[in-house]
Amino acid sequence: MHTENTAPGGRVRAAAAAWLGGCAAAWLAAPALAYEPASAAPGRINDPAAGWDHLWHEVIVDITIIGVLFALVMAWFLWRYRARKPGEVGTQSKLSPAAVIGWAVIPTFIFMADDFYLAANGWKLWNDYRDVPADRMEVKLESGMYSWDYTYANGVRTQNVLRVPAGKPVMLRMTSRDTLHSHFIPDFRVKEDSMPGRVTYLWFYPKAPGEHVVSCAEYCGVMHSYMAGKIIVMPEGEFKTWLDQEVAKLAPADKAVDKSAEQTADKPANPPV
Amino acid sequence: MSFNIKEWIFTTDHKRVGVLYLIGSIAAFGVAGIAAMLMRIELSTLGPTITTNPTQYNVWLYAHGAVMILGFQIPALTGFFANYCIPLMIGAKDVAFPRVNALSVWLFYVGIILALLTFVVPDPPDVMWTGYPPYSTITTGNTALYSFTVLILGFASIIGGVNFLTTVAYMRAPGLKWSNLNIFVWCTLGAFVLQLIFVPVLGTAVTLISFDKYLGTHFFDPSRGGDVLTYQNLFWFYSHPAVYVIFLPFIGVVYEIVATFAKNRVFNHKVVLWGGIGGIVILSGEVWVHHLYVSGMADWIRIGQMVTTLLISIPVGLLVISLAGTLYKGSITFETPMLYALGVLFLFLIGGLTGIPLALTSLTLHLSDTYYVVGHFHYVMAVAGTFAIFGGVYYWFPKITGRMYNERWGKIGFWLTFVGVNIVFWIMMTVGVKGMPRRYYDYSAFPQFESAHQWMTFGAAILGVGFVIAVANWIIGARKGAPAGDNPWRSQSLEWTTVSPPPHGNWPSPPSVDPDWTPYSYERR
Numbered sequence: 001m002h003t004e005n006t007a008p009g010g011r012v013r014a015a016a017a018a019w020l021g022g023c024a025a026a027w028l029a030a031p032a033l034a035y036e037p038a039s040a041a042p043g044r045i046n047d048p049a050a051g052w053d054h055l056w057h058e059v060i061v062d063i064t065i066i067g068v069l070f071a072l073v074m075a076w077f078l079w080r081y082r083a084r085k086p087g088e089v090g091t092q093s094k095l096s097p098a099a100v101i102g103w104a105v106i107p108t109f110i111f112m113a114d115d116f117y118l119a120a121n122g123w124k125l126w127n128d129y130r131d132v133p134a135d136r137m138e139v140k141l142e143s144g145m146y147s148w149d150y151t152y153a154n155g156v157r158t159q160n161v162l163r164v165p166a167g168k169p170v171m172l173r174m175t176s177r178d179t180l181h182s183h184f185i186p187d188f189r190v191k192e193d194s195m196p197g198r199v200t201y202l203w204f205y206p207k208a209p210g211e212h213v214v215s216c217a218e219y220c221g222v223m224h225s226y227m228a229g230k231i232i233v234m235p236e237g238e239f240k241t242w243l244d245q246e247v248a249k250l251a252p253a254d255k256a257v258d259k260s261a262e263q264t265a266d267k268p269a270n271p272p273v
Numbered sequence: 274m275s276f277n278i279k280e281w282i283f284t285t286d287h288k289r290v291g292v293l294y295l296i297g298s299i300a301a302f303g304v305a306g307i308a309a310m311l312m313r314i315e316l317s318t319l320g321p322t323i324t325t326n327p328t329q330y331n332v333w334l335y336a337h338g339a340v341m342i343l344g345f346q347i348p349a350l351t352g353f354f355a356n357y358c359i360p361l362m363i364g365a366k367d368v369a370f371p372r373v374n375a376l377s378v379w380l381f382y383v384g385i386i387l388a389l390l391t392f393v394v395p396d397p398p399d400v401m402w403t404g405y406p407p408y409s410t411i412t413t414g415n416t417a418l419y420s421f422t423v424l425i426l427g428f429a430s431i432i433g434g435v436n437f438l439t440t441v442a443y444m445r446a447p448g449l450k451w452s453n454l455n456i457f458v459w460c461t462l463g464a465f466v467l468q469l470i471f472v473p474v475l476g477t478a479v480t481l482i483s484f485d486k487y488l489g490t491h492f493f494d495p496s497r498g499g500d501v502l503t504y505q506n507l508f509w510f511y512s513h514p515a516v517y518v519i520f521l522p523f524i525g526v527v528y529e530i531v532a533t534f535a536k537n538r539v540f541n542h543k544v545v546l547w548g549g550i551g552g553i554v555i556l557s558g559e560v561w562v563h564h565l566y567v568s569g570m571a572d573w574i575r576i577g578q579m580v581t582t583l584l585i586s587i588p589v590g591l592l593v594i595s596l597a598g599t600l601y602k603g604s605i606t607f608e609t610p611m612l613y614a615l616g617v618l619f620l621f622l623i624g625g626l627t628g629i630p631l632a633l634t635s636l637t638l639h640l641s642d643t644y645y646v647v648g649h650f651h652y653v654m655a656v657a658g659t660f661a662i663f664g665g666v667y668y669w670f671p672k673i674t675g676r677m678y679n680e681r682w683g684k685i686g687f688w689l690t691f692v693g694v695n696i697v698f699w700i701m702m703t704v705g706v707k708g709m710p711r712r713y714y715d716y717s718a719f720p721q722f723e724s725a726h727q728w729m730t731f732g733a734a735i736l737g738v739g740f741v742i743a744v745a746n747w748i749i750g751a752r753k754g755a756p757a758g759d760n761p762w763r764s765q766s767l768e769w770t771t772v773s774p775p776p777h778g779n780w781p782s783p784p785s786v787d788p789d790w791t792p793y794s795y796e797r798r
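One line per chain: the protein sequences are A and B, in this order.
First residue of the first sequence? That's 1 in the working numbering, and the numbers climb one at a time after it.
First residue of the second sequence? That's 274 in the working numbering, and the numbers climb one at a time after it.
Treat the hints as calculated values from the structure; they're not laboratory data.
One should not assume that every hint holds.
[To be verified] In silico DSS-like pairs for lysine-lysine, Cα to Cα no more than 25 Å straight-line: (1) A:K168 / A:K140; (2) A:K207 / A:K140; (3) B:K366 / B:K450; (4) A:K124 / A:K168; (5) B:K602 / B:K543; (6) A:K140 / A:K249; (7) B:K366 / B:K279; (8) B:K684 / A:K85; (9) A:K140 / A:K230; (10) A:K140 / A:K240; (11) A:K94 / B:K602; (12) B:K543 / B:K450; (13) A:K230 / A:K207; (14) A:K124 / B:K707; (15) B:K684 / B:K753; (16) A:K207 / B:K707; (17) B:K543 / A:K94; (18) A:K207 / A:K124; (19) B:K602 / A:K85; (20) A:K230 / A:K249; (21) B:K753 / B:K279; (22) A:K230 / B:K707; (23) A:K94 / B:K450; (24) A:K230 / A:K168.
[Unchecked claim] Chain B is nowhere near these chain A residues, computed Cβ spacing over 10 Å in every case: (25) A14; (26) M234; (27) K249.
Just so you know, even glycine gets a beta-carbon here, dropped at the ideal spot from N, CA and C.
With the hints as extra help, turn the sequences into a complete structure.
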């Protein structure tokens, strides 16, 4: 049954070598294909949300092709090799040693090439998510059961509503006063947990005025599902007017606020950015 | 043959121990399934539907997750199937330590009773099956019940693991080589190796949260020098391998069914053992951080484990190729067990591929903790595993009971369940991508998903009916089914060479096999 592998051994080996060579080349080339030289024209901002949509689309096409191929092959086998008469048995012969190795190594290289290609793309997008543009607005966030408490750089505080100017990257430095929470903004394709004792961060790029839902994505307690907030993106001028008003409101109560602001200020260490 | 309850409780016969595991885990499946139905009904309208108390919903959610994983899937796969099939597949009279085996099933019952106390005690745990601190250390819910459930079931599993590793090492029939063991045996041994390595880590984690909550320690309390992330690392260091503790035996069951109903040799047998199963065992401990992609871990480890997570596709891909290859040039029939096995292949294909976006750290920043994740892991592990369990029970049903189930109702039950799960979990993934967060009692912030939730509830009702039909089919078949004969599927595997049901001691005279025999050599006949 398994003698045919010996005669044309040379040809099998040559074919296997060619396959392997091709796969190895694809494997090595894959990350290179994914790599794009840093588009670091100064001032250009890579919006992670747009990058997310792009990569998601790419991955969905990738897995759909694999899935449909597998499903079609299997459906064909099920139809072609259905039992025709009772008492029949399968007739698959034992694989030759070359075929055993081929069926292990070739799929491995193909999967690996795809893995590394996706990993390279994923890593590139990851850098966009984690490298915060220098020209940004920073807001501190303390989460608690069950509210999002934002503190702007000038001491203005809001709860559950974060107003930001359009066209400027916004960075949140986050911590929590009780349990785990996760500041999730579906429209900006980003979330990160906040927790007591550590400071985490995320950033997003609000380009146009509008409203966006904020929800808690990490189970934090009984009222987890009610921990909703809102991000309101305002035209830059309007935002400035609003912030000035808030600062003005703040002035009379300055003394009292100062104290608690100091307390929150010295708690978290600086995150590695 | 009269029924004697004492004989069952104090049994040391691996087959009876196995059946006890099956009964307990199917009962747990029923309870956890009812919890899931209650949640689906609750979510069928925006705002409160059948309870106005979010804690009630959170308790159902906790019970559904903890009981399905710890009380149903792991015990059914490594308790029932391992107990019933391994000694028969290797031609042994029983396991190496029959009394230890009895102890493990007793502990299992203690464990599921503890888990089911959730529905009785006044302060049920509401910490999800993950039990993350700080919430688990400050909640008014009963975290200790969670800790002890995990510890007892973990202990049962460890002693089971020691027992089966010894059994396979020392009690194989004369002439039966390691490389000719059934793939199910290999898979289950892989799962037990993982249990022995990783369960103690989970035990540590849940013990420490109870210490923190009840004894005043501060392992996870940052205000006293603890760290909340430590728990998440410990927990997932076990709980990701736990996915493979479920996956390996269930894919092993699928192999047995597919090879038998294709009447064919397993495609690329050696590569399945060393590349597929071995690869998964080796990689399983290096990918846990993909559960922590958004939890504030250091960037370098999130990227590093993105690569190891993607590499899991290689052993898994080899297994799927081999399963498809086993159909090639086969002689395939489509009885109920085969339908379930093919259902597993389909569900696992979708579940595995939808895991690839989740392997990418950057895509997970959006997808993590949404319904996409829930849909994905139900496809890949929860439902695929459950289908394998149901298919496996149907497959070995004639061996266990000596009788045949009703084929027609078996198929009806399968198709209802199959259609139901695809409605529920496909829709679940699509709303997840659009931002629906998981573990929500009330999704008022996302009113646009209400109709999707109603469709999911509809799908859940269909799949529930399918499962009820299957279990009813077994109960009726076990009592009134037609005699099945010793080997109704004409399988080559050793467990089918003895009578059905096998007597105490399994074989009238101990079997031995030729050195070139394998459980899948159909062509030689």
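For each hint, the structure was consulted:
| no. | hint | in the structure |
| --- | --- | --- |
| 1 | A:K168 / A:K140 | 16 Å, holds |
| 2 | A:K207 / A:K140 | 21 Å, holds |
| 3 | B:K366 / B:K450 | 17 Å, holds |
| 4 | A:K124 / A:K168 | 22 Å, holds |
| 5 | B:K602 / B:K543 | 19 Å, holds |
| 6 | A:K140 / A:K249 | 20 Å, holds |
| 7 | B:K366 / B:K279 | 22 Å, holds |
| 8 | B:K684 / A:K85 | 21 Å, holds |
| 9 | A:K140 / A:K230 | 16 Å, holds |
| 10 | A:K140 / A:K240 | 18 Å, holds |
| 11 | A:K94 / B:K602 | 12 Å, holds |
| 12 | B:K543 / B:K450 | 13 Å, holds |
| 13 | A:K230 / A:K207 | 16 Å, holds |
| 14 | A:K124 / B:K707 | 23 Å, holds |
| 15 | B:K684 / B:K753 | 18 Å, holds |
| 16 | A:K207 / B:K707 | 20 Å, holds |
| 17 | B:K543 / A:K94 | 11 Å, holds |
| 18 | A:K207 / A:K124 | 21 Å, holds |
| 19 | B:K602 / A:K85 | 14 Å, holds |
| 20 | A:K230 / A:K249 | 22 Å, holds |
| 21 | B:K753 / B:K279 | 24 Å, holds |
| 22 | A:K230 / B:K707 | 17 Å, holds |
| 23 | A:K94 / B:K450 | 18 Å, holds |
| 24 | A:K230 / A:K168 | 17 Å, holds |
| 25 | A14 | 22 Å, holds |
| 26 | M234 | 21 Å, holds |
| 27 | K249 | 28 Å, holds |
Hint compliance for this structure: no hint is broken.
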